[in-house]
Amino acid sequence: MALPVYADPLERVWYYSYRVICALIFIFLISPILIIMPLSFNAEPYFTFTPEMLRFDPAGYSTRWYDNLMTFGMTAPDAVRDGSWWADFWQNARWMQAAKNSIIVGFFSTIVATVLGTIAALGLSRPEMPYRKLIMAVLISPMIVPIIITATGLFFFYSDVGLSGTYFGLVMAHATLGIPFVIITVTATLMGFDRSLLRASANLGAGPATTFFKVQLPLITPGVVSGALFAFVTSFDEVVVVLFIGSHEQQTIPRQMWNGIREQISPSILAVATILVIFSICLLTVVELLRRRSERLRGLSPS
Amino acid sequence: MANADMPADTMLRTADGQPLKSALAKASRKARIRAFLLVVPLLIFVLLTFVIPIGQMLSRSVNNDQFSESMINIGVWFDENPNAEPDEAAYAALAADLVYSAANRMIGNAGTRINYEVPGTRSLFTSSGRKAKNLKAPFKEALLELDEDWARPDLWAAMRSASGTTTFNFYQAAVDRKINADGQFERADENSRIYMTLFGRTFALSVVITGLCLLLGFPIAHLLATLPLRKASLLMILVLLPFWTSLLVRTTSWMVLLQGQGVINNVLVSLGIVTEDGRLEMMYNQTGTIIAMTHILLPFMILPLYSVMKTIPPSYARAARSLGATSWTTFRRIYLPQTVSGIGAGGILCFILAVGYYITPALVGGADGTLISNQIAFHMQNSLNWSLAAALATMLLASVLILYWAYDRLVGIDNMKLG
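One line per chain: the protein sequences are A and B, in this order.
Each residue of the first sequence is one higher than the last, beginning at 6 in the numbering used here.
Each residue of the second sequence is one higher than the last, beginning at -16 in the numbering used here.
Be aware that a few hints might be false.
[As the list claims (entries may be wrong)] Among chain A residues calculated to face chain B with C-beta under 10 Å, some are: (1) Leu15; (2) Ile35; (3) Ala48; (4) Phe52; (5) Leu129; (6) Ile140; (7) Met148; (8) Gly167; (9) Thr171; (10) Tyr172; (11) Met177; (12) Thr181.
[What the hints assert, rightly or not] Distance condition first, Cα-Cα at most 35 Å in a straight line; then the derived DSBU-like pairs of lysine-lysine: (13) A:Lys219 - B:Lys13; (14) B:Lys9 - A:Lys138; (15) A:Lys219 - B:Lys161; (16) A:Lys219 - B:Lys9; (17) B:Lys123 - A:Lys138; (18) B:Lys293 - A:Lys138; (19) B:Lys161 - A:Lys138; (20) B:Lys161 - B:Lys123; (21) B:Lys161 - B:Lys119.
Calculated directly from the structure, the hints in this document are not laboratory data.
Glycine is no exception: its CB is placed at the ideal position from the N, C-alpha and C atoms.
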């Protein structure tokens, strides 16, 4: 969208001011995420840049909040940092427990959502699928229905059937929330899938199972993996359902953060936030690489 | 030939002799069933973990057993004497119920249920329940001796409406109607119409947030769609990174930025724009909710807009210019109409997500920046008026489903894309 040669002065002014407006909006989008990173290294318990930090004085920076984060909940946080200290950290540190819970719940709910979601997407993308729109609407609805309604419904339902406070119940709930993302990404990938490959494979003597695993699955894997990542992030970031149906022991990272923010927000929260931002940068990179791979596989050059 | 002995006709047949039409119908039915079977496991899963729990919650909004399950005799009396003033028989039934529910520790529940409609009566039930077993006939005098509030007509009206097994009272409460002395519903006083105010605020804030998202998202989407792909995909990262970042992280950052002693205020003070005492209050009010939610929902506006704008051929705009249109006319008459479907998709998506938002308003909203979701959570966790929470949730769900239907009509659910 280069500036055309016939542009009049007003258009030239608008052209550059438009760029400036866009730059400001990009700053609005990205700065809240970047600003917490340096702040998490603040030596003082404040949420703003101290004069020392602005002068890039090393005294203004410290890793005390990260240290705080690691030792929170440990039985002997001040002991020498040897093997037993690390064992204590692994066993008792509050955030470590939360991370373990988050990863366990996230992992299993991702598996459930991805397997069921991919199979369903295979059915939904077939041209002969009956009631396609209606079923699709039901399967996507966990993404649309406000989370508080889902949490309220699960709270009553789980206390009736005795699933509240169980890992099984939590995994099921998080899988439900992740399913729409798997369905959306996998059906989008299947839309570009050349169905004549299936007939070619059958023609060469492969059964339906062989065709699926040897022909279809390798081609749709990028979509499946990015759907799985979406499902994992959904579970990893979910706090309302955990608050409603989780037992006291089931502290996940977001729940621990939620408690931290509500009680007394300390810069330790910023340390967690920084770690999570780095985590999401990694995820974004993986998804982006997968998307490119998928476009290459489907023969769509990045036009 | 296998069909040599069959009567020769003009009907097309398959190799094994079936009419081609029925064989095709059979094959396509089989294919349909096979496709459906692939979806069945997930459908059952979603029914079990999502549709049934929500349906059950909806039924709870009309559920009325808190009072009626322990107060049986008075329920019978209400059934037998519609529209009658409470007589001695009614008071006798009430006394028997009080004895029964006090003995079974259900008096608190029953009192709580009546308390929703006639505030301050829970203690009337519990204290009378403790003494009820010593009551003797005539019960009317005996109960009024205990507490003359028992003669209040609004109390009896509330008990009458609580004695059925189902009720719409919670919906009446959710639209700010309360029971009066004649047992009729009337609008609550001007300053206690909290729920309609809250619904109104939720929708108003959602409109503002969606509008802001459109205002900020449109230029960005347009820029991304028109830049060369290399630059666009670099800039796209700036949109996708917030999208992938944890919601709590983004909310926390806004709390850090917007605080009275936070980064934005400090910058403004050091630049001399505001004075030390005049620090802006941007958090724990509507401003905080609007800023943080606009930031959080912005990618949901940009992505659908971008995918529509990418398909608009630039030659149309050039054609308009060469025919003598000014750049503003070109934008208004040529470009904008082609982006309407993207605006619709992004707008409805943002609005749906904004209406049901919970976490961000709860953390940065303070008193006047909270939404209907926060009130539902309050009734679930603090006031424990679960039926009212369910009624509010049902109303919220209904409005979301209408929007979802509109989204489906406008965009089609299968066209929803992520990233």
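Status of each hint after checking the structure:
1. Given the 10 Å rule on beta carbons, the hint for Leu15 of chain A holds: about 9 Å separates it from the nearest Cβ of chain B.
2. Nearest Cβ of chain B to the Cβ of Ile35 of chain A: about 5 Å, under the 10 Å cut. The hint holds.
3. A hinted interface residue such as Ala48 of chain A counts as satisfied when its beta carbon comes closer than 10 Å to some beta carbon of chain B; here the least separation is about 16 Å, so the hint is violated.
4. Below 10 Å, beta-carbon pairs count as interface contacts, and Phe52 of chain A has one with chain B at about 5 Å; its hint therefore holds.
5. Taking 10 Å as the C-beta cut-off, the interface hint given for Leu129 of chain A holds, the closest approach to chain B being about 6 Å.
6. Below 10 Å, beta-carbon pairs count as interface contacts, and Ile140 of chain A has one with chain B at about 6 Å; its hint therefore holds.
7. Taking 10 Å as the C-beta contact cut-off toward chain B, the hint placing Met148 of chain A at the interface holds, the least distance being around 9 Å.
8. The restraint placing Gly167 of chain A at the interface with chain B is violated, with a minimum CB-CB distance near 14 Å, outside the 10 Å limit.
9. The interface hint given for Thr171 of chain A is broken, as the beta carbon of that residue sits about 13 Å from the closest beta carbon of chain B, more than 10 Å.
10. Restraint check, Tyr172 of chain A versus chain B: the minimum CB separation of about 14 Å is more than 10 Å; hint violated.
11. A hinted interface residue such as Met177 of chain A counts as satisfied when its beta carbon comes closer than 10 Å to some beta carbon of chain B; here the least separation is about 5 Å, so the hint holds.
12. The closest approach between the C-beta of Thr181 of chain A and any C-beta of chain B is roughly 4 Å, which is under the 10 Å cut-off, so the hint is satisfied.
13. The hinted pair formed by Lys219 of chain A and Lys13 of chain B meets the criterion: a straight-line CA distance of about 24 Å does not exceed 35 Å.
14. Restraint check: the Cα-Cα separation between Lys9 of chain B and Lys138 of chain A comes to about 23 Å, which is no more than 35 Å; the hinted pair holds.
15. Restraint check for Lys219 of chain A and Lys161 of chain B: not satisfied, since their Cα atoms lie roughly 66 Å apart, outside the 35 Å limit.
16. Only pairs whose Cα atoms come within 35 Å are accepted, and Lys219 of chain A paired with Lys9 of chain B is accepted, the gap being roughly 29 Å.
17. For a cut-off of 35 Å, the pair hint linking Lys123 of chain B to Lys138 of chain A is broken: about 62 Å separates their Cα positions.
18. Of the supplied pair hints, the one linking Lys293 of chain B and Lys138 of chain A holds, its CA atoms being roughly 26 Å apart against a limit of 35 Å.
19. Of the pairs offered as hints, the one joining Lys161 of chain B and Lys138 of chain A is violated, with about 42 Å between alpha carbons and a cut-off of 35 Å exceeded.
20. Restraint check for Lys161 of chain B and Lys123 of chain B: satisfied, since their Cα atoms lie roughly 27 Å apart, inside the 35 Å limit.
21. With a C-alpha separation of about 34 Å, the suggested pair Lys161 of chain B and Lys119 of chain B falls inside the 35 Å cut-off, and the hint holds.
Checked against the numbered hints listed earlier, the structure breaks hints 3, 8, 9, 10, 15, 17, 19; every other hint is satisfied.
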